[in-house]
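Using the sequences plus the hints, can you model the full thing?
From first to last, the protein sequence lines are chains X and W.
Just so you know, we're using numbering that gives the first Met the number 0 here: the first sequence kicks off at 0 and counts up by one.
Just so you know, we're using numbering that gives the first Met the number 0 here: the second sequence kicks off at 0 and counts up by one.
Quick caveat, the hints were computed from the structure, so don't treat them as lab data.
Below, simulated BS3-like cross-link-like pairs (lysine-lysine); rule was C-alpha separation at most 30 Å, straight line:
#, chain 1, residue 1, chain 2, residue 2
1, W, K65, X, K80
2, X, K29, X, K80
3, X, K13, W, K70
4, X, K80, X, K13
5, X, K70, W, K70
6, W, K65, X, K70
7, W, K235, X, K113
8, X, K13, X, K230
9, X, K109, W, K65
10, X, K13, W, K65
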Amino acid sequence: MSNAIIEVNHLEKKFGENTVLKDIHFCVEKGEVVSVIGSSGSGKSTLLRCINLLEIPTSGEILFHGENILKQAQLSSYRTKVGMVFQQFNLFNHMTVLENCMVGQTRVLKRNPKEAEEIAKNYLRKVGMIAYIHAYPRQISGGQKQRVAIARALAMEPEVLLFDEPTSALDPEMVGEVLNVMRDLAHSGLTMVVVTHEMAFARDVSSKVVFMDQGVIAEEGHPDIIFNQPKNERTRQFLTRILHQQ
Amino acid sequence: MLLLAANRNFFEWVSFFLQNYGSRFLQGALVTLEVSLIGTVIGFIIGLIVGYLRSIPDNPMSSLWKRVILKIGKMISTIYVEVFRGTPMIVQSMIIYYGSTELFGFEMAAFEAAILIVSINTGAYLTEIVRGGIESIDHGQLEAALCVGMTYRQAMLHIILPQAIRHILPALGNEFVINIKDTAVLNVITVNELFLASKTISATHYRYYEVFTITCVIYFIMTFTVTRILRWIEKKMDGRSSFELYHDDLGGALHE
Ligand SMILES: Nc1ncnc2c1ncn2[C@@H]1O[C@H](COP(=O)(O)OP(=O)(O)OP(=O)(O)O)[C@@H](O)[C@H]1O
Ligand SMILES: [Mg+2]
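Listed below in structure tokens is the structure:
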């Protein structure tokens with residue numbers, strides 16, 4: 000067996016009559032940083048949301064260390080191992096930065112509050128948000144919120160972290176601080192799947208790039224290959240268009 | 000100085016009633032407050048439970064019998080909400096108070112019946128308000144809670160409901176004020192609240208206008224005071240607008 004953490008086979012997702020994902024095969028190995036790129040509506044978010052079962056796939060299987068998670072009821076413990084960072088941050092607004100990073104640990108992992116606090120502080124330090132632990136989400140900027148959201152996910156000590164366009168809702172001057180945190184995480188060996196429109200990140204940081212088009216994975220491979228000699232005509236068109244914009 | 004009844008003017012009547020029946024008014028007002036406060040609190044608990052139940056999404060991954068039970072529960076809750084919101088509380092009172100004797104053969108004390116009626120009635124209104132409160136919290140926070148491994152119940156309990164409750168606090172206070180006024184209808188089941196007390200006092204002396212002016216003022220004082228207190232609590236709950244920067248002992252070391 001391979002050392003894949005997540006393996007997706009024959010995944011299909013329909014919303015009513017609309018087939019959004021078609022026969023997807025997708026694999027994430029330990030330590031990999033996978034960037035998922037593609038135009039709007041191609042199904043990137045839906046793929047991530049299927050992986051942590053925010054959407055229930057119509058058919059196909061999702062293996063976590065070889066076990067089909069659609070067939071077993073351990074949803075909660077699976078989700079603690081597959082973290083998620085959202086485009087809209089989704090911090091818990093009634094909690095401080097510190098509490099945001101503790102509540103999952105104490106309620107789900109049943110860590111005691113002292114330990115949870117130490118772990119939370121540790122990751123908040125990592126993302127440069129330690130000074131703000133007593134702030135509420137409404138009191139900090141978008142970039143800071145996203146760094147807290149990353150720390151919140153890290154505090155669960157997941158095996159894989161999924162990012163859905165983590166910088167798309169940010170003002171341009173805040174994109175850098177979040178990307179820097181993500182770059183550090185990638186270099187520290189964290190396994191990551193990142194849906195992104197940041198082509199520089201996809202090219203320079205990821206170990207694999209997946210290009211999605213109209214619900215299928217049109218092409219995937221090493222970033223050098225995808226960016227410099229894409230085989231698929233649609234990949235070429237997409238890259239020309241998006242690199243032209245940036 | 001004892002004036003002849005027929006010669007008293009409005010103010011003399013008012014002072015007469017206050018002096019002779021002050022404690023009766025007070026007792027009536029206390030019963031009104033008690034019934035409406037307890038009824039609102041229990042109604043709120045009912046509203047939370049039923050509102051939560053109605054918010055649970057149908058999960059195609061859970062077992063069939065769980066889904067069927069949920070569906071039936073939701074149907075019953077819909078009937079409950081519609082029936083109690085769609086009929087007058089005064090009619091519900093008659094049915095529940097007298098019905099409990101005739102159908103089930105046990106006699107309910109008027110006071111307990113009153114609390115039961117107000118609770119169930121308030122619960123029906125608050126169910127919809129709680130559901131609205133839950134829906135007012137953006138869906139992303141629920142998803143984020145699920146993504147750290149919380150169950151739907153945990154996410155509701157620790158993340159969504161605390162915020163939803165803060166949002167519906169004004170509506171909850173409003174419901175309390177409405178109850179203070181609407182418990183007047185409970186006089187039909189002989190609960191000795193402010194309205195029935197006033198009716199009794201006025202009937203004794205055939206003076207309605209004067210007595211109910213006093214009653215009116217007492218109702219207003221109650222609703223006005225409660226409204227102010229609730230405003231104050233809401234303000235308190237909004238909390239501080241600033242925060243203190245945390246000075247990290249390890250912070251310096253990291254930058255070396
Ligand atoms: N809950 C839903 N119900 C119905 N259709 C949906 C739903 N979610 C997504 N879709 C549809 O699925 C398709 C893929 O959406 P998805 O959000 O996965 O695209 P995306 O690649 O993430 O796009 P973007 O770059 O804009 O975020 C779109 O056509 C969208 O309209
Ligand atoms: Mg998307």
